[in-house]
Amino acid sequence: MPRTNQDIMAQLQRDILPLQGFKPPSKGAALDTGLGPVEAAFPNGTFPTGAVHEFLSSTAEDAAATGGFIAPLLAALMRNGGSGVWISSSRTLFPPALSIFGVEPDQMIFIDLPRERDVIWAMEEALKCEGLAAVIGEIKEIDLTSSRRLQLAVEKSRVTGFILRHQPRHLHPIAAVARWNISPLASELEEGLPGVGYPRWNVELEKVRNGKPGNWQLEWSAGRFRVLSPTVPYLAQARRRKTG
Amino acid sequence: MSKRYLSIWFRHLVTDKYLLRRPALRNTPFVLAAPDRGRMIITAVNALAQAQGIVIGMAAADARAILPSLQVLDDQPGLAGKLLKALAEWCIRYTPITAVDGADGLILDVTGCAHLWGGEREYLKEIVTRLKTSGYNVRAAMSDTIGAAWAIARYGQVTPIIEPGEQVAALQALHPIALRLEDPTTERLQKLGLTPIGKLLNMPRSALRRRFGPALLHRLDQALGREEEPIEPVQPPVPYQERLPCLEPILTGTGIEIALQRLLETLCHRLRQEGKGLRTATFICYRVDGQVIHVQVGTNRATHHIEHLFRLFELKIPTIEPDLGIELFVLEAPDVEEASPMQEKLWENACGLDNPHLSELLDRIAGKSGAHTIHRYLPDEHYWPERSIKAATSIQDKPTTAWRLDRPRPIRLLAKPEPISVTAPIPDYPPMLFRYKGALHKIAKADGPERIEREWWLDQGAHRDYYIVEDEDGRRYWLFRSGHYAEDKPPQWFLHGFFA
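Residue numbers (this note's numbering), protein chains in the order written: chain A, 1 to 244; chain B, 1 to 500.
The hints are simulated quantities; they were obtained by calculation from the structure and are not laboratory data.
Note that beta-carbon positions come from the ideal geometry of N, C-alpha and C, so glycine has one too.
Warning: the hint list may mix true and false statements.
What the hints assert, rightly or not - The calculated label-pair distances, taken between Cβ atoms and stated as ranges, are:
{"hint": "1", "chain 1": "B", "residue 1": "Gly253", "chain 2": "A", "residue 2": "Lys156", "range": "35 to 41 Å"}
{"hint": "2", "chain 1": "B", "residue 1": "Asp289", "chain 2": "A", "residue 2": "Leu19", "range": "28 to 34 Å"}
{"hint": "3", "chain 1": "A", "residue 1": "Lys140", "chain 2": "B", "residue 2": "Thr319", "range": "35 to 41 Å"}
{"hint": "4", "chain 1": "B", "residue 1": "Pro318", "chain 2": "A", "residue 2": "Arg14", "range": "46 to 52 Å"}
{"hint": "5", "chain 1": "A", "residue 1": "Arg115", "chain 2": "B", "residue 2": "Asp397", "range": "52 to 58 Å"}
{"hint": "6", "chain 1": "A", "residue 1": "Gln20", "chain 2": "B", "residue 2": "Gln273", "range": "44 to 50 Å"}
{"hint": "7", "chain 1": "B", "residue 1": "Gln460", "chain 2": "A", "residue 2": "Arg115", "range": "48 to 54 Å"}
{"hint": "8", "chain 1": "B", "residue 1": "Pro399", "chain 2": "A", "residue 2": "Arg226", "range": "47 to 53 Å"}
{"hint": "9", "chain 1": "A", "residue 1": "Arg226", "chain 2": "B", "residue 2": "Tyr383", "range": "48 to 54 Å"}
{"hint": "10", "chain 1": "B", "residue 1": "Asp289", "chain 2": "A", "residue 2": "His172", "range": "35 to 41 Å"}
{"hint": "11", "chain 1": "B", "residue 1": "Leu414", "chain 2": "A", "residue 2": "Ile8", "range": "37 to 43 Å"}
{"hint": "12", "chain 1": "A", "residue 1": "Ile8", "chain 2": "B", "residue 2": "Pro399", "range": "44 to 50 Å"}
{"hint": "13", "chain 1": "A", "residue 1": "Arg169", "chain 2": "B", "residue 2": "Ala402", "range": "39 to 45 Å"}
Said to hold, decoys possible - Far from chain A by the CB rule (all over 10 Å, computed), these chain B residues:
{"hint": "14", "residue": "Thr28"}
{"hint": "15", "residue": "Ser69"}
{"hint": "16", "residue": "Leu192"}
{"hint": "17", "residue": "Pro204"}
{"hint": "18", "residue": "Glu257"}
{"hint": "19", "residue": "Asp323"}
{"hint": "20", "residue": "Leu328"}
{"hint": "21", "residue": "His357"}
{"hint": "22", "residue": "Leu358"}
{"hint": "23", "residue": "Glu360"}
{"hint": "24", "residue": "Thr373"}
{"hint": "25", "residue": "Leu378"}
{"hint": "26", "residue": "Ala392"}
{"hint": "27", "residue": "Lys398"}
{"hint": "28", "residue": "Asp447"}
{"hint": "29", "residue": "Ala500"}
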């Protein structure tokens, strides 16, 4: 059996992944997020569940786009009557809008705490709770230590966490499996039709652990994601960094 | 099992309290007096004044004539009742059932309590010594019946502890005044020479009833244990309660945790056996200095899960100040509901709202930050955006109507619509551009208007015409104009939300 260097490297990569906590997906257990080519950017080609994802947004419009992008992911995670917890200190999310993306808003529990410190505490408690499908925390600032605690919690409970960071002051790396940046794109309708079309987003996967960052343009139409552009390699090779 | 009662008699309750407040009075005879029909009538006498023959009910002026150095102080009405109630609550550290007895005594139901202090004699001694060191002159007695304990505490000469079933022997030599009778009856007994109670016991009951009425027989039966006597506890005993007295006062957080863990274990074990779970639990700490600290937790679902309850209390342990030490811990479960372990198992693996882990999480968050921080929403039958959702009252609430999918709603809605300046063609075209927070947005695409009327039966005001707009950069907004265009004033436009 011919073994080239490439084969050996690929084999080693496959061996290392489980050690880093990325288990190869068992048949039928993989989550169908409908992200299509975006999933290919992740190790094993599956959207990592039981991990913490970080989403950055700089404007209120970006925050809305982020909300729209994660809602279908939540729908996939909460599919079988699962419940989610949305923890925030300044919540503007409008629950009925979640139903448009397939989430049952009454399955979502909102926890509104006055202080950011409490939000981080509650998020850690929620991530430790095995009965949850997803936990979303709107946290502006989080340090590396706190994010590691969240990471440890999800490794044990296999709950998927989303940290939404709106206008963070510091962009230091945190312990997250991926860092996303979602911004709205102009919608398009068929020629000649008036009005606003389906939501479209520019999805930037800035950092991904053991994966390939990239940039995609997605549209949410008829209850699923539609990829508008082929994968654009994210930025120049020199600027790519691995997240810790 | 026969009952055991302890009667405590405060001989100078109110004056002892005055002495505690003003130690300078220690060596002076003094009385308390209250005005009554224009005279000052003595309501309380201290030991020194009593030794000089001054009694309650005397006029203050007469008493001064007997003893010129007598001090007369103003009485505080209601003080005795308050003091007795506080003392009865203090006595809960010795037994869960304590009651105020008349104007100068307490009754404790000490059934099954004395062995914790090493026997009845030590128990009684402990209570009397503690009360005496706090400045109260007390006498106490223990017996099978309230009546006998009352009599021995006040008039007994031999021993304060009447062994079970020995009431007749103990009461025989006492004067009938010890039977808690009305004054005329006592006087008549005295006149007839029926002085020691023993003489009454040998008389036929029908004769006694005919001469003295049923009250005498009633009191006699109560004292001898032929008739039950109810008492009214200051704090009604909670059916699910566990107590942990400590040999040495507990001062540290670790000590409190150990006590809590032990109490939870016994209480939860009992709840599990009976197939029940608690909804609220109160952890009560009795401090050495007489203060009582209450810590309460609540749960969303009836539970007897020790670890979970411990974690709920754990968040509040730092708020307990042991000060000089805590000598008794009590754990109560005032709200207890049925909890079937079968159902818990069914829900264990589901990740829905029924999951016990989730309700435990919510309990912890509610325990730390308050239940008002947790929200869950259900659809409501209103078009007005702010009213289209209602808060669910509990985690089990199901939506009564389906979530509406036919009207697009923004993913982020501002709590209060923010005013914007807009250029829009008349009559009902969407705006061409708007300025929000200083930035100018040129509108490329728009949908609308969607008119939403204010529900006049709920509140007054103008309707809203909503537009979904997208600016040149692809950012999507939800704008509305408030009311109709009017000749005299410019229209008001607002930004209400952001679409995904």
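Verification of the hints:
At about 27 Å, the CB distance of Gly253 of chain B to Lys156 of chain A disagrees with the hint of 35 to 41 Å. Under the hint 28 to 34 Å, the C-beta atoms of Asp289 of chain B and Leu19 of chain A, about 59 Å apart, miss the expected range. Distance hint for Lys140 of chain A and Thr319 of chain B: a CB-CB separation of about 29 Å, inconsistent with the stated range 35 to 41 Å. Evaluation of the 46 to 52 Å hint for Pro318 of chain B and Arg14 of chain A yields a pass: the beta carbon distance comes to about 49 Å.
Against the hinted window of 52 to 58 Å, the Cβ-Cβ separation of Arg115 of chain A and Asp397 of chain B comes to about 28 Å, which falls outside the hint. As the Cβ distance of Gln20 of chain A to Gln273 of chain B is approximately 47 Å, the hint placing it in 44 to 50 Å holds. The hint said 48 to 54 Å for the Cβ distance between Gln460 of chain B and Arg115 of chain A, and at roughly 37 Å that hint is violated. Evaluation of the 47 to 53 Å hint for Pro399 of chain B and Arg226 of chain A yields a failure: the beta carbon distance comes to about 30 Å.
In this structure the hint that Arg226 of chain A and Tyr383 of chain B lie 48 to 54 Å apart at CB is violated, the actual value being about 30 Å. At roughly 51 Å, the beta-carbon separation of Asp289 of chain B and His172 of chain A lies outside the given 35 to 41 Å, and the hint is violated. For Leu414 of chain B and Ile8 of chain A, the Cβ-Cβ distance of about 57 Å falls outside the hinted range of 37 to 43 Å, so the restraint is violated. At roughly 56 Å, the beta carbons of Ile8 of chain A and Pro399 of chain B sit outside the given window of 44 to 50 Å.
Remark: the range hint 39 to 45 Å for Arg169 of chain A to Ala402 of chain B is upheld by a beta-carbon distance near 42 Å. Residue-level check passed: Thr28 of chain B sits 59 Å from the nearest beta carbon of chain A, beyond 10 Å. Non-interface status of Ser69 of chain B relative to chain A is upheld: no Cβ of that chain comes within 10 Å, the nearest being about 65 Å off. Distance check on Leu192 of chain B: its Cβ is at least 78 Å (rounded) from any Cβ of chain A, clearing the 10 Å threshold; non-interface status holds.
Distance to chain A confirms Pro204 of chain B as a non-interface residue, since its nearest Cβ pair spans about 75 Å, more than 10 Å. The Cβ of Glu257 of chain B sits about 19 Å from the closest Cβ of chain A, beyond the 10 Å cut-off, so the non-interface label holds. Distance check on Asp323 of chain B: its Cβ is at least 29 Å (rounded) from any Cβ of chain A, clearing the 10 Å threshold; non-interface status holds. Annotated as non-interface, Leu328 of chain B keeps its C-beta farther than 10 Å from every C-beta of chain A; the closest such distance is 32 Å.
Against chain A, the non-interface label of His357 of chain B is violated: not every CB pair exceeds 10 Å, the least being about 4 Å. Look at Leu358 of chain B: its CB is around 4 Å from the nearest CB on chain A, not clear of 10 Å, so calling it non-interface is violated. Not every CB of chain A is more than 10 Å from the CB of Glu360 of chain B (nearest about 7 Å), against its label as outside the interface. Against chain A, the non-interface label of Thr373 of chain B is violated: not every CB pair exceeds 10 Å, the least being about 5 Å.
A Cβ of chain A approaches the Cβ of Leu378 of chain B within 10 Å, the least distance being about 5 Å, so the stated non-interface status is violated. Not every beta carbon of chain A lies more than 10 Å from that of Ala392 of chain B, the smallest distance being close to 7 Å; the non-interface claim is violated. Once the 10 Å rule is applied to beta carbons, Lys398 of chain B is inconsistent with being away from chain A; the minimum gap is 8 Å. Some Cβ of chain A comes within 10 Å of the Cβ of Asp447 of chain B; the nearest lies about 4 Å off, and the non-interface call is violated.
Interface exclusion of Ala500 of chain B from chain A breaks down, the closest Cβ pair being 2 Å apart, not more than 10 Å.
This entry does not satisfy hints 1, 2, 3, 5, 7, 8, 9, 10, 11, 12, 21, 22, 23, 24, 25, 26, 27, 28, 29, going by the numbered hints stated previously.
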